[in-house]
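J.: Let the hints inform the model, and build the full structure from the sequences given.
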Amino acid sequence: QQQVKQSPQSLIVQKGGISIINCAYENTAFDYFPWYQQFPGKGPALLIAIRPDVSEKKEGRFTISFNKSAKQFSLHIMDSQPGDSATYFCAASKRQAGTALIFGKGTTLSVSS
Amino acid sequence: GAVVSQHPSRVICKSGTSVKIECRSLDFQATTMFWYRQFPKQSLMLMATSNEGSKATYEQGVEKDKFLINHASLTLSTLTVTSAHPEDSSFYICSARVTSGGPSNEQFFGPGTRLTVL
Numbered sequence: 001q002q003q004v005k006q007s008p009q010s011l012i013v014q015k016g017g018i019s020i021i022n023c024a025y026e027n028t029a030f031d032y033f034p035w036y037q038q039f040p041g042k043g044p045a046l047l048i049a050i051r052p053d054v055s056e057k058k059e060g061r062f063t064i065s066f067n068k069s070a071k072q073f074s075l076h077i078m079d080s081q082p083g084d085s086a087t088y089f090c091a092a093s094k095r096q097a098g099t100a101l102i103f104g105k106g107t108t109l110s111v112s113s
Numbered sequence: 001g002a003v004v005s006q007h008p009s010r011v012i013c014k015s016g017t018s019v020k021i022e023c024r025s026l027d028f029q030a031t032t033m034f035w036y037r038q039f040p041k042q043s044l045m046l047m048a049t050s051n052e053g054s055k056a057t058y059e060q061g062v063e064k065d066k067f068l069i070n071h072a073s074l075t076l077s078t079l080t081v082t083s084a085h086p087e088d089s090s091f092y093i094c095s096a097r098v099t100s101g102g103p104s105n106e107q108f109f110g111p112g113t114r115l116t117v118l
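Line by line, the protein sequences give chains W and U. Residue numbering for the first sequence follows the working numbering, starting at 1 and increasing by one per position. Residue numbering for the second sequence follows the working numbering, starting at 1 and increasing by one per position.
Since the hints were made in silico from the structure, they are not lab data. Hints are all accurate, no fakes.
Derived pair list, reagent style BS3-like, types lysine-lysine, alpha-carbon separation capped at 27 Å:
hint, chain 1, residue 1, chain 2, residue 2
1, U, K20, W, K42
2, U, K64, W, K94
3, W, K105, U, K66
4, W, K68, W, K105
5, U, K41, W, K105
T.: Laid out in structure tokens, this is it:
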């Protein structure tokens, strides 16, 4: 049973455009929703994260939108750049210490110049 | 963000040998560390949760006798792949969860270890 569903699987965006990646979760006990960026051959790097008590969080060009009633959250990358080309993973976990992240299947983003 | 290191970054071994991978939290203490496995173009699959001073908790389908995990200190966890076979070839990634001085859920990942079993 996949607890975090991520779409699209791949995305091509022109330089300067907006990249949007969506995730949906099933477990209402989840209360931490991070996004990770991964380049080939590297470990994932934490980009931005949100908790369910806010509907939006922005850090630079990256914004998370969170819809608790729909159990959905999304990552928006504004002014997408070729250097943003990577694989993006959404994840979710419970707040309790020792609980692992459950990852979505990932989205491969290509930003064309 | 906090820094997690892994060693080695890449290892090639013969079938039947054992390989040890180290995961260290460099500037913070981590009561809990996690081990993931990632196949090409796939997501991260949790293998086990490693708790300092106690036995690791393995996910369903992961052989605990094959993937030995030791978390002897608050900054070091090791994964030993015993009697490795070609199907164990994969990208192994650890993560550490900040237990003090930061948000309770934040996890930071190591750079990964590419294991190739010939």
